[in-house]
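Residue numbers (my numbering), protein chains in the order written: chain A, 1 to 304; chain B, 1 to 304; chain C, 1 to 304.
Think of the hints as simulated: they come from the structure by calculation, not from any bench. By construction, the Cβ of each residue, glycine as well, lies at the ideal position given by its N, Cα and C atoms. Treat the hints with care, as some may be off.
[Stated by the list, open to error] Counterexamples of contact, computed for chain A against chain B with all Cβ distances above 10 Å:
| id | residue |
| --- | --- |
| 1 | I35 |
| 2 | V116 |
| 3 | Y194 |
[Unchecked claim] Below, computed lysine to any residue pairings styled on SDA-like, alpha-carbon distance capped at 20 Å:
| id | chain 1 | residue 1 | chain 2 | residue 2 |
| --- | --- | --- | --- | --- |
| 4 | A | K95 | C | G40 |
| 5 | B | K95 | A | I35 |
| 6 | A | K171 | A | I205 |
| 7 | B | K304 | A | I35 |
| 8 | A | K95 | C | M25 |
| 9 | B | K143 | B | S255 |
| 10 | A | K304 | B | E39 |
| 11 | C | K36 | B | G40 |
| 12 | B | K95 | A | E16 |
| 13 | B | K36 | C | I35 |
| 14 | B | K28 | C | S118 |
| 15 | A | K177 | A | K36 |
| 16 | B | K95 | A | Q29 |
| 17 | A | K36 | C | Q26 |
| 18 | A | K147 | A | K180 |
| 19 | B | K36 | A | G66 |
| 20 | A | K95 | C | S118 |
| 21 | A | K95 | C | E33 |
| 22 | A | K95 | C | K95 |
| 23 | A | K254 | A | K95 |
| 24 | B | K28 | C | K95 |
| 25 | C | K95 | B | T271 |
[As the list claims (entries may be wrong)] What follows is a list of derived Cβ distance ranges for each label pair:
| id | chain 1 | residue 1 | chain 2 | residue 2 | range |
| --- | --- | --- | --- | --- | --- |
| 26 | A | Q111 | C | Q226 | 44 to 52 Å |
| 27 | A | T13 | C | E84 | 52 to 60 Å |
| 28 | C | D246 | A | K4 | 27 to 35 Å |
| 29 | C | E84 | B | D256 | 24 to 32 Å |
| 30 | A | K4 | C | Y194 | 49 to 57 Å |
| 31 | C | K249 | A | G127 | 34 to 42 Å |
| 32 | B | S85 | C | E84 | 47 to 55 Å |
| 33 | B | R227 | A | K36 | 48 to 56 Å |
| 34 | C | N30 | B | P31 | 49 to 57 Å |
| 35 | B | G200 | C | G83 | 31 to 39 Å |
| 36 | A | R278 | B | G200 | 50 to 58 Å |
| 37 | B | N178 | A | S247 | 27 to 35 Å |
| 38 | A | E187 | C | I275 | 48 to 56 Å |
| 39 | A | G127 | C | I275 | 26 to 34 Å |
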Amino acid sequence: MKNKHLVKPDDFTVEEIDSIIELGMQIKQNPREYIKVCEGYLMATLFYEPSTRTRLSFESAMSRLGGKIIGFSDPNASSVSKGESLEDTITTVSKYVDIIAMRHPQSGAAQQAASVSSVPFINAGDGGNQHPTQTLTDLLTIKSCMKRLDNLTIGMCGDLKYGRTVHSLAKAMSRYKNIKFVFISPEELKMPEYVLNDLGDTQFIETNSLDDSIAELDILYMTRIQRERFEDRDEYERLKDVYILDSKKMENAKSDMIVMHPLPRVNEISTDVDIDSRAMYFEQAQYGMYVRMALIMKLLGISK
Amino acid sequence: MKNKHLVKPDDFTVEEIDSIIELGMQIKQNPREYIKVCEGYLMATLFYEPSTRTRLSFESAMSRLGGKIIGFSDPNASSVSKGESLEDTITTVSKYVDIIAMRHPQSGAAQQAASVSSVPFINAGDGGNQHPTQTLTDLLTIKSCMKRLDNLTIGMCGDLKYGRTVHSLAKAMSRYKNIKFVFISPEELKMPEYVLNDLGDTQFIETNSLDDSIAELDILYMTRIQRERFEDRDEYERLKDVYILDSKKMENAKSDMIVMHPLPRVNEISTDVDIDSRAMYFEQAQYGMYVRMALIMKLLGISK
Amino acid sequence: MKNKHLVKPDDFTVEEIDSIIELGMQIKQNPREYIKVCEGYLMATLFYEPSTRTRLSFESAMSRLGGKIIGFSDPNASSVSKGESLEDTITTVSKYVDIIAMRHPQSGAAQQAASVSSVPFINAGDGGNQHPTQTLTDLLTIKSCMKRLDNLTIGMCGDLKYGRTVHSLAKAMSRYKNIKFVFISPEELKMPEYVLNDLGDTQFIETNSLDDSIAELDILYMTRIQRERFEDRDEYERLKDVYILDSKKMENAKSDMIVMHPLPRVNEISTDVDIDSRAMYFEQAQYGMYVRMALIMKLLGISK
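All chains, full assembly: derive it from the sequences and hints.
Structure representation (C-alpha cells):
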C-alpha cells in the first residue's frame with residue numbers, strides 16, 4: 001500500500017482495507033507503542049474549506065504517531081495560490097512533506113491533486129463526495145465492537161437519499177458475507193437506485209418504520225434529516241420526530257446492538273441515549289483517529 | 001491533582017497551588033530537563049474567540065514539554081459545531097486528546113465544557129470571567145522574584161473596579177500571612193465591595209495617589225484605565241496621566257520593588273520604565289509559560 | 001552566526017552565506033540525520049499578513065529539524081496586540097520561543113522587531129521588501145544544480161523593474177567571480193539604475209529578446225509580468241507572450257541550463273516545460289526548505 005493515494009473508498013481492495021482495520025485495532029489496544037513510529041515525518045493538512053472536526057481527526061492521528069504537521073485551515077488559505085493552479089500548489093507542497101491530506105470545496109479536486117502529488121495523498125472530502133476515511137472509520141468501529149464484519153443485520157435510518165456516508169458504508173459492507181440491510185427512511189428520502197444497484201446480491205429491505213425494525217438490528221446507523229431537504233415544511237415537521245432515536249425506542253433493541261452516527265449530531269439522537277452502553281457514536285470518533293493512524297502508517301510504509 | 005479540571009481560581013487548594021508554583025520554579029531553573037516529559041501527549045487548544053497571547057502561552061508551554069497540539073484559533077471555528085452542542089464537541093475532542101484548554105466568549109461555557117470532558121480541562125477564559133492561569137502566573141512571578149508569598153505590601157493601581165485580574169490576585173494573595181494591600185485608583189474605579197469582602201482579615205488601604213503610596217510597596221501591580229469606563233471624557237483626560245507609571249515615579253520606589261502588569265500594556269507604563277531592572281512585566285509573561293508547563297504536568301499526573 | 005538576526009540580504013558576509021549554503025547541501029544529502037537536532041527548540045511564525053507558501057516553508061524547515069512551532073497566520077492576528085506596540089509583542093514572544101520568523105505588511109517592521117527581539121529574528125518579508133531567505137533559496141539552488149556560484153551567465157527575464165527577487169539575487173551573485181548577467185525585459189520593465197549601480201564591475205547586457213539570448217545562458221530566472229504594471233493594456237497584451245517560456249523556446253537553450261522561478265507561477269512558464277529536466281522551479285521550493293533548515297541551525301548555534 002506504500003505510496004498509494006486514497007481518493008475514493010474503492011481505491012483499496014478488501015484485503016488492503018482489512019489490513020488497515022487490523023492495524024487500527026492493534027493501535028487501539030496499545031496506542032503508546034506507536035508514539036514514535038512517525039518521528040521525523042511531516043504531514044500537510046490543506047483545508048481549502050473549514051472542516052474543523054475532520055482536520056482535528058487527521059492532526060491528532062499524525063500527532064499520536066510522533067509525526068509533525070503543517071498546513072492551513074481557513075477559507076483565506078486561497079491566498080496560498082495567488083492565481084496558481086491547484087496542481088502547482090500540490091507539486092510544491094509535496095516537496096515539503098511526506099504525506100498530504102486535503103479538503104476542497106470542488107468535486108474532483110482530490111483526483112486532480114492526487115495526480116500530481118509525489119507523496120501519498122488522502123482525500124479528506126472534495127465537494128459533495130464523501131471522504132473515504134469516514135468509511136474506514138465506520139468499518140473499524142463495527143469490527144471492534146462486533147468482532148466481525150460479516151453476518152450482520154445493519155439498519156440505516158434517516159436521510160438515505162442525500163447521506164453519502166451511508167451510501168459508501170452500504171457499498172463497503174456489501175463486500176462481506178451474509179450482510180442484511182434494513183433501510184429505514186421516509187418515502188422522500190429513500191436509498192437511491194444507483195446505490196441499491198451497487199450492493200450486488202446482498203439482501204436488503206426498505207421500510208419507513210424505525211419502531212418496527214429496531215428489534216432485529218445488530219447495528220443502527222443514524223443520520224440527520226435536514227429541513228432543507230423538504231419542499232413541504234409540514235411534511236418535515238411530521239417526519240422529523242419519527243426518526244429521532246430516544247431511550248424509549250432503545251428498549252426494543254437487542255442488548256448488544258450498537259448505535260452509530262457520523263457526527264455532528266443535532267437532535268436525531270436524544271441525549272438520553274448517550275449514557276446507554278450501546279451508544280457508540282463518540283467512540284466512533286475515536287476509532288476515526290485510530291484508523292487514520294493506521295492509514296498514515298500504511299501509506300508511508302511504516303511498521304511498528 | 002491528576003485528572004482534575006481548572007475552571008476557576010479557587011478550584012485548587014492552597015497546597016495544590018503551592019505545589020504548582022514549586023514545580024514552575026524548578027522548570028524555570030532547568031527548562032531543558034523537561035523537554036520530553038510530555039512526549040506522546042496531545043493537547044487541544046480550542047479558542048472560540050481569538051486570544052493570540054493566551055493561546056501562544058499555552059501552546060509554548062505544551063511544546064516545551066515535548067507535547068503536541070491540535071486546535072483552532074479563530075471565530076470561524078464555530079464551524080466546528082455545525083449546530084452541535086458545546087457538550088458534544090468537547091465529548092468528541094476529549095476522545096482525541098489528553099488535555100484541553102478552551103477559550104469561549106460565553107460566561108459559564110468553561111463549567112459546561114468541563115462537566116463532560118473525559119480529560120483534564122483548563123479554562124483559558126470564558127466571557128468576562130478571568131482565566132485562572134493568569135492568577136497562577138502572578139503567583140509564580142511573585143514567588144520567584146520576592147522569594148516569598150507572605151509578608152508583602154502589594155499595591156494595585158488603575159482600574160480596580162473592572163480589572164478581574166486584580167480581583168483574582170487579591171483574593172489569592174489574601175490566603176497568605178501578613179499581606180497588606182494598597183488599592184490605588186480614582187474614586188470611580190475603586191475595588192468593588194464584594195472583592196473587599198473576600199479578603200478576610202487581610203489589611204488594606206484605599207488611596208487615589210500613586211505618588212504618595214509607591215514608596216512603601218514591595219509589589220506594584222499596574223492595570224490599564226480604559227477610556228470606555230468613563231462617562232465624563234474630561235474626567236478621563238484628567239485622570240489617565242495620574243496613573244501612568246514612569247521613571248520619575250519609580251525614583252521613589254524601593255530598590256527591590258517589582259512592577260507587574262498582565263499585558264498588553266498600552267500607555268499606563270511609560271516605555272522608559274522597561275529598562276529598569278524592577279520592571280518584571282515581560283518576565284511575568286515568561287513565568288506564565290512556566291506555570292502552565294507545571295499545571296499541564298500536574299493535571300496529566302506526570303513527574304520528571 | 002549564533003544569535004544574529006537576518007533582516008536584509010546583506011546582513012550576512014559572503015563567508016556566512018557560503019557556510020549556510022554548504023550546510024543546506026549537506027542537509028539535502030542526508031535529511032534524516034537532522035530530524036532531531038532542534039529537539040526541544042521552539043520557533044514562532046508570526047504572520048501579520050497571510051503568506052501561506054512562505055509560512056509552510058519555514059514551518060516545514062523547523063519541523064524537519066525536530067523543532068516545534070507556535071504562531072499565527074491570519075490578518076485577525078492583529079488581535080495579538082489589542083493596541084500594544086509591535087515591540088511589546090516581540091519582546092513578549094521572545095520570552096516564549098528560541099527563534100522568530102515574522103511577516104508584516106509594513107516596510108521597516110522587520111528592523112523594528114529585530115531591534116527588541118532577545119532571540120534570533122528572521123525577516124519573512126515586510127512590506128515591499130524582499131525577504132532575504134528567498135535569496136538564500138536561490139543561491140542554494142544554483143550551487144546545488146551548477147556545482148558552483150562563479151563562472152555563470154545568468155539570464156533574468158520578465159519584470160525586472162518591480163521584481164525584488166531578481167534585484168536581491170543580482171546583487172548577491174555579483175559578489176562572485178566571473179558572473180555575467182543578461183537582463184531580458186521590455187523597455188518599460190528594465191532593471192532599475194540603482195540595482196545596476198550595485199553590481200560593481202560585474203558584466204551585464206540588457207536586451208528585450210528572450211529568443212535571441214537564451215542560447216548563451218547557464219541559468220534562466222523567470223519572473224511574472226503583472227498586468228497592473230502597464231498603463232496601456234494593448235502594450236501588455238503585445239508583450240506578455242513574448243516573455244512566456246515554453247518548450248519551443250527551450251529547444252535553443254543549453255542542455256544543462258536550469259530554469260528558475262520564485263513561484264507562484266501563473267502563465268509565464270508554460271506547463272509543457274514542467275517535464276523538462278532543466279525545469280528546477282519546484283526543486284527550488286524544496287531548496288527553500290533546506291536552506292531555511294540550515295539558517296535556523298546556524299542562528300540557534302546548533303551543529304549536527
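Results of checking the hints against the structure:
1. I35: violated, 3 Å
2. V116: holds, 28 Å
3. Y194: The claim stands: Y194/A keeps its Cβ more than 10 Å from every Cβ of chain B (closest is about 27 Å).
4. K95/A x G40/C: Not OK: K95/A and G40/C at ~25 Å, beyond 20 Å, violated.
5. K95/B x I35/A: holds, 16 Å
6. K171/A x I205/A: With Cα atoms ~15 Å apart, K171/A and I205/A stay inside 20 Å; holds.
7. K304/B x I35/A: Given pair K304/B, I35/A holds - Cα atoms ~19 Å apart, limit 20 Å.
8. K95/A x M25/C: holds, 16 Å
9. K143/B x S255/B: Holds, at about 17 Å.
10. K304/A x E39/B: holds, 17 Å
11. K36/C x G40/B: holds, 15 Å
12. K95/B x E16/A: Measuring from Cα to Cα gives roughly 26 Å; hence the hint is violated.
13. K36/B x I35/C: Measuring from Cα to Cα gives roughly 15 Å; hence the hint holds.
14. K28/B x S118/C: Judged against 20 Å, a Cα distance of about 17 Å means the pair holds.
15. K177/A x K36/A: violated, 37 Å
16. K95/B x Q29/A: holds, 15 Å
17. K36/A x Q26/C: It is violated: about 25 Å lies between the C-alpha atoms, which goes past 20 Å.
18. K147/A x K180/A: holds, 17 Å
19. K36/B x G66/A: Judged against 20 Å, a Cα distance of about 12 Å means the pair holds.
20. K95/A x S118/C: Violated: K95/A and S118/C sit about 32 Å apart, past 20 Å.
21. K95/A x E33/C: Holds. K95/A to E33/C sits at ~18 Å (cutoff 20 Å).
22. K95/A x K95/C: At roughly 33 Å apart (the allowed maximum being 20 Å), K95/C and K95/A break the hint.
23. K254/A x K95/A: violated, 52 Å
24. K28/B x K95/C: holds, 12 Å
25. K95/C x T271/B: At roughly 18 Å apart (the allowed maximum being 20 Å), T271/B and K95/C satisfy the hint.
26. Q111/A x Q226/C: 44 to 52 Å: violated, 31 Å
27. T13/A x E84/C: 52 to 60 Å: holds, 57 Å
28. D246/C x K4/A: 27 to 35 Å: Since the Cβ atoms of D246/C and K4/A sit about 34 Å apart, the hinted range of 27 to 35 Å holds.
29. E84/C x D256/B: 24 to 32 Å: Hint holds: Cβ distance 27 Å, inside 24 to 32 Å.
30. K4/A x Y194/C: 49 to 57 Å: holds, 53 Å
31. K249/C x G127/A: 34 to 42 Å: Holds: the Cβ-Cβ distance is about 38 Å, inside 34 to 42 Å.
32. S85/B x E84/C: 47 to 55 Å: 36 Å Cβ-Cβ, so the 47 to 55 Å window is violated.
33. R227/B x K36/A: 48 to 56 Å: holds, 53 Å
34. N30/C x P31/B: 49 to 57 Å: violated, 30 Å
35. G200/B x G83/C: 31 to 39 Å: Because 36 Å falls inside the window, the suggested range holds.
36. R278/A x G200/B: 50 to 58 Å: Distance hint for R278/A, G200/B holds at roughly 52 Å.
37. N178/B x S247/A: 27 to 35 Å: violated, 58 Å
38. E187/A x I275/C: 48 to 56 Å: holds, 54 Å
39. G127/A x I275/C: 26 to 34 Å: This hint holds: roughly 29 Å between Cβ atoms.
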